[in-house]
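Per my numbering, the sequence shown runs over residues 2 to 480.
Hints listed in this document are in silico derivations from the structure and should not be mistaken for laboratory results. The reader is advised that the hints may include incorrect statements.
Cβ pair distances, simulated, as ranges [claimed, not checked]:
id, residue 1, residue 2, range
1, Thr-110, Ala-350, 14 to 24 Å
2, Glu-33, Pro-67, 39 to 49 Å
3, Thr-409, Arg-171, 47 to 57 Å
4, Ala-226, Arg-171, 31 to 41 Å
5, Thr-157, Leu-299, 48 to 58 Å
6, Arg-266, Ala-84, 25 to 35 Å
7, Val-130, Phe-77, 12 to 22 Å
8, Ala-350, Asp-44, 42 to 52 Å
9, Val-116, Ser-168, 53 to 63 Å
10, Asp-180, Gly-112, 23 to 33 Å
Glycine included, C-beta positions come from ideal geometry on N, C-alpha and C.
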Amino acid sequence: MPEQPSLTTRQLMAGVHLDTRYRNAVIDELYEHAERYSAPSYDVDAAAVLAEALNARRTALRWAVPMALLWIAGFFFAGWLFALYAAGCAALSGAVALRMSRHPLVRLTAGIPRVLGGSALVAYAAIAVAADWPEVTAALGIPVLMAVVAGAHRATVERRLRFIGSSAYRGPAQPPRADAISALTRGEQMSPLVVHRDPTPFLGAGTSASHSRALAVQVHGRTGAFAVSDAQSRITRSVRAVAGLATRVDERFLLPDEGVPPRSRLHPHPDELPASTHWLRIVSLGLGSQTTVFVRILLDGPVLYVEQVTCALPPVRRKFRVAHLPGARPVRLASALAAPAGLLAELVAWPVRQAPRLSSPRSSRPPGGPHTSIRELAAEPDLPPLAAADAERISQTVWLLVLDALRTTLRDQGLSAPGLDEIQVEQHGVAQSGGIYIGNISPGSAAFGSQARAGDITRHTSPGPTTNPDDDSWEDDLG
């Protein structure tokens, strides 16, 4: 029996049926631009989502053909009056597209075309009733037939959504090219090697949840005995020893896409990659959200560098999450009224999408890193407050474990780093020694020892007015 997709994968599969723009983005990134390496997917089978997206497009095109014939018949029999109906459908289709936007301000504007489209359809119906036969027959009969076609398409989508959510789900059949692309994508998802564009090395993990942390300390002793792999192994054991902290700890090699070979020919051994590409990845899954901490350790002569980047991925959009649940009504009335225009647009856009294939054959496109992540595209625009607080807690905890593991590793190998042993943390303007304070310190504002430098230092933010009448430090934050 084929392995069943994860819950997140099922939610993204539902999304390609419910959101045309999301479906097009998935196909464009993973299929039309097959020369690009795929972004890492966490708990998501990107190849299965692509297969479902291609199936959703084929389904929409099949129902778009009879819809296009009805549009032609409407303009032929009803004449100029049918243009009013077309304007109403187009406005409602635009409203549906605006409602699917990830930006709140854009979603607020969806009411304008919805009101205009509804008014146009009401006016169309009123004029059609007052018109002479046979115009009234065409003006009212053709929209009824369009509603039948749109309803049949909607029923097909809802059956598919129920099938996606069932334990009997099987992936759709694919053409040979799609099978080959899916095999490459699945191989990249399981590989520790990640090819990325320079601006987005952590694509797929979400947005930065807190300030990155960086530390540089001087190591005393024979540094040739220090092995980064030993420190990484100790960090891994420390993280796994904390119950509930991480669901996955592994190593990733982040390789810039400049000069990389095609996807099918990239098989480097990890030992052949520079040390700067080695990162330890710590993944923690929450209630729908995900926190990922990347840690890199480098030894350059006597200087030990430590970097930590924390990313957080919001939950999948609510519409995608509830689509496969029993009793869910994923298709709204506005979407049903806009379906005639949406299906026609799908058919019209199909030849437009074929143009780039003729002007720029795939074989002539240079390989490169991914431009987007299908999981990030399906996420809510904002991280929930509790998830953001959880991400900061995880980031702080991992940072403490990393520092402790480095101290132990150096000590076991007969080395020392005063910058790690003499920790100084500035808290509320008071320098403290001998401990680490998590409370209200700004992420990245910690400096370790006289020879240490804290990276990504931000302006100190005091906690606000206190009960001490002589404490006016908070006024500095008011500018």
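Which hints from the list above does the structure break, by number from lowest to highest? Violated: hints 2, 4, 6, 8, 9 and 10.
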